[in-house]
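Please take these sequences and the hints and turn them into a complete structure.
Residue 1 is where the sequence shown starts when you use our numbering, and the numbers rise one by one after that.
If you are wondering where the hints come from, they were derived from the structure by calculation, not from laboratory data.
The beta-carbon is built from N, C-alpha and C at its ideal position, and this holds for glycine as well.
Each hint can be trusted.
Cross-link-like lysine to aspartate or glutamate pairs, in silico, EDC-like; alpha carbons within 20 Å at most:
1) 331 with 85
2) 331 with 200
3) 331 with 168
4) 331 with 166
5) 331 with 80
6) 331 with 221
Derived CB-CB ranges, DEER-like:
7) 31 with 102: 27 to 33 Å
8) 326 with 45: 32 to 38 Å
9) 340 with 22: 44 to 50 Å
10) 29 with 235: 40 to 46 Å
11) 29 with 274: 32 to 38 Å
12) 50 with 193: 24 to 30 Å
13) 200 with 147: 24 to 30 Å
14) 36 with 335: 29 to 35 Å
15) 283 with 49: 29 to 35 Å
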Amino acid sequence: MSQPPAVRREHQPHYWYSEAPVPLHMRLLAPVYGALSGVRRRMYSAGLLRRRHPGVPVVVVGNITAGGAGKTPLTIALAERLRSEGWSPGVASRGYGRADASRPTWVEADTPPEQGGDEPVLIARRTGVPLRADRDRAAAAAALAEAGCDIVLCDDGLQHYRLERDIEIEVVDARRRYGNGRLLPAGPLRELPARAARCDFRVVNVAGAKNGEGPGTGFGEWPMRLVFDRAVPVRGGRPRSLESFVGHRVHAVAGIGNPERFFGMLRDMGIAVVPHAFADHHRYRESDFEFGSALPVLMTEKDAVKCAGFATDAFYAVPVRAELPEAFWVKLLDRLDALRTP
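Structure (C-alpha cells):
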C-alpha cells in the first residue's frame, strides 16, 4: 500500500498555525487522510505489509507535522557526532525535488541539486558521509549497509513504515508545535500527537522562540539551538561575520518549511530584513532575485546550493549548526552502544 498523497510543499495555509476558521471542505477531507494513514500504519504493525531492516542500527529523524522543524540541521549534527564517536554513518533520504525521483542515486558534495535534491546535497557537503537518495528508504538503508555504513540515519522518514527502525527522534518547532491540532489538510498534522509520544526522543527546535515557548519540563524533551554567526559568499571566498550586517538592510531569502524562522533569527541580531519567502524546495531562477534594490542577499544554505549558477558577489549563505545538551548525546549514544554489532 502506498503512502497517502503528499501535501505540496508550498506556503502553508494561515489557519494551520492560527485560530482562523478552517474551510469546510478541508475539515471534511481530514478524516479521509487520517483513515488512509491509519490503515496503512496498522497493516505494517500487524505484519500484513512487510518491513525491512538493513541489519545495522537505524535512527529515523522526522516529525508529525508537514513542513520544516529543523530535521536537516539535526541530521547533520547526528552524522558529525556519530562519526567522531567511531561510527561510520550513512544517510538515507527521499531526495525531495529531484528531477527523476524514481531513480535511486548516490548523492555527493558536487551532485547538482536537481539530481540529488537540495537537502541531500547540503547534507553531503556538510558531512561528507555516504548519502543515498531513494523514495524507498528501506532500499536506501540496505544500499548504505552494503556500502559499509554501520549505522543509518533516515532524514525525514517517520511515516515511512516500510523501513524498520531502532530509534525514532521527533523534531518539533518550539513556537508552532502542532498548530491547530488538526490532520492534513485542515491542519499541519501528518499523524496525531499520540504517534509522536511513541518516539524515543523529542528534540525541540528553540531557534527564535520567545520566553515560555521553549521545551516544557516533560520527560524526554531536549532543546536544540541553531547557531549561526557567519555569512559565506555563494560564489566562494572569505566568510563575513554576520554581525557585519547588523544595522543594515538586506534581502533575506528562504525557501524552507518555515521561512519566518530564518527571517526572525536575522531580525533578532539587529539586521534590517526585507523578507522574500518562497515555497519549500523552490527551484530558483535568476529572475527570482530582481528585487529592485542592490542590497546584500542572505539565504539559507539549502537555498544557496541551488543558486550557485547565477549568484553574484552580493549572495551569501548563512550556515547553521545544531547544538544540543551533552546529556542528550550521552543518552542517545548509550542506546546505540547497546545496538552496536560486535
